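Asker: Each position in the sequence shown, counted from 1, maps to that position plus 8 in our numbering.
Do not rely on the hints blindly, as some may be mistaken.
Quick list of in silico lysine-lysine cross-link-like pairs, BS3-like style, CA-CA up to 30 Å [what the hints assert, rightly or not]:
hint, residue 1, residue 2
1, LYS73, LYS17
2, LYS83, LYS37
3, LYS245, LYS74
4, LYS27, LYS73
5, LYS19, LYS83
6, LYS85, LYS27
7, LYS27, LYS80
8, LYS80, LYS46
9, LYS17, LYS83
10, LYS73, LYS37
11, LYS46, LYS27
12, LYS210, LYS239
13, LYS70, LYS12
14, LYS27, LYS70
15, LYS73, LYS46
16, LYS36, LYS17
FYI, nobody ran anything at the bench for these hints, they're computed from the structure.
On a predicted model such as this, the values are computed, not experimentally measured, just so you know.
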Amino acid sequence: MDKKAYTEKEKLVLVSLVKEYGACIENKKTDGTSIQEKQNAWENIASYYNAQPDINIHRTSKQLKKLWDNLKQRKSKETTHLRHSQLLTRGGPPSEKKDDPVLELVTDIAKYSDVTRDCLWDSTALYENSQNKENKNSMEIENSIENAASNEEYSQSSETVMSPALYLKSTPVKRKVEKPYSRTPKYDTEMQDTEIYWRVLKAKRAVEHQEELHRKRMETAQPEAELAQLKLQAYLKSQGDL
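Taking the hints into account, I'd like the entire structure generated from these sequences.
Answerer: This is how it looks when you write it as structure tokens:
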């Protein structure tokens, strides 16, 4: 059994053939009929693959299936690395994606193996800034309530200050001693309502983001497939001209 490594051109040939049987191969069903259909598909792929004029090494269906699984794992690792690097940048620009026609076709065929989309919440720093802004708004509301309560008590205490006439007579006047400010039940209720509001808003944003992710992915699936196919044709043409 020849274990010579695959060239990029051989990988492109395999992926382009797998694209024709993608619906069958990537079917998640595991019943007897589905398994047999997948085996037949791989046998057909191996037959077409070995019949290509640019293929010099004969490969079995098991070898080609193993290569396909390795390409999907490679794509998954690349996506995981990209997500990790976005968290490490703490708000910096996202890492640049390498132009790889093979992995682009793999993404087009195995569409739901790893779905990603650049968004606000991919950055730790931006997420923290958003959280800090929400906390700041909560603190402003809390401070405004405390200031309003303090001003009310101050106005009440100022009314008890003695007048100038009483001061001239040197008549002792008792000042009202301000009591330490304590939270009222109304204040606690308002703060609880505020906290609930921000929690609901955060959950709503998360749901909207997931819906937008799904919609965008469905919209861009077809253009990505066409672009990957054009890149494959251009690459194969350039290899044929050499």
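Asker: Give a verdict on every hint.
Answerer: Results of checking the hints against the structure:
1. LYS73 / LYS17: With a Cα-Cα distance of about 17 Å, the restraint between LYS73 and LYS17 holds, given a limit of 30 Å.
2. LYS83 / LYS37: holds (22 Å)
3. LYS245 / LYS74: holds (27 Å)
4. LYS27 / LYS73: holds (13 Å)
5. LYS19 / LYS83: holds (14 Å)
6. LYS85 / LYS27: holds (21 Å)
7. LYS27 / LYS80: Judged against 30 Å, a Cα distance of about 13 Å means the pair holds.
8. LYS80 / LYS46: The given pair, whose Cα atoms are some 17 Å apart, holds under the 30 Å limit.
9. LYS17 / LYS83: Roughly 17 Å separates the two Cα atoms, so the pair holds.
10. LYS73 / LYS37: Cα-Cα ~17 Å, so holds.
11. LYS46 / LYS27: Distance ~13 Å between LYS46 and LYS27 Cα, so the pair holds.
12. LYS210 / LYS239: violated (41 Å)
13. LYS70 / LYS12: holds (15 Å)
14. LYS27 / LYS70: holds (17 Å)
15. LYS73 / LYS46: holds (10 Å)
16. LYS36 / LYS17: Within the cut-off at roughly 28 Å; holds.
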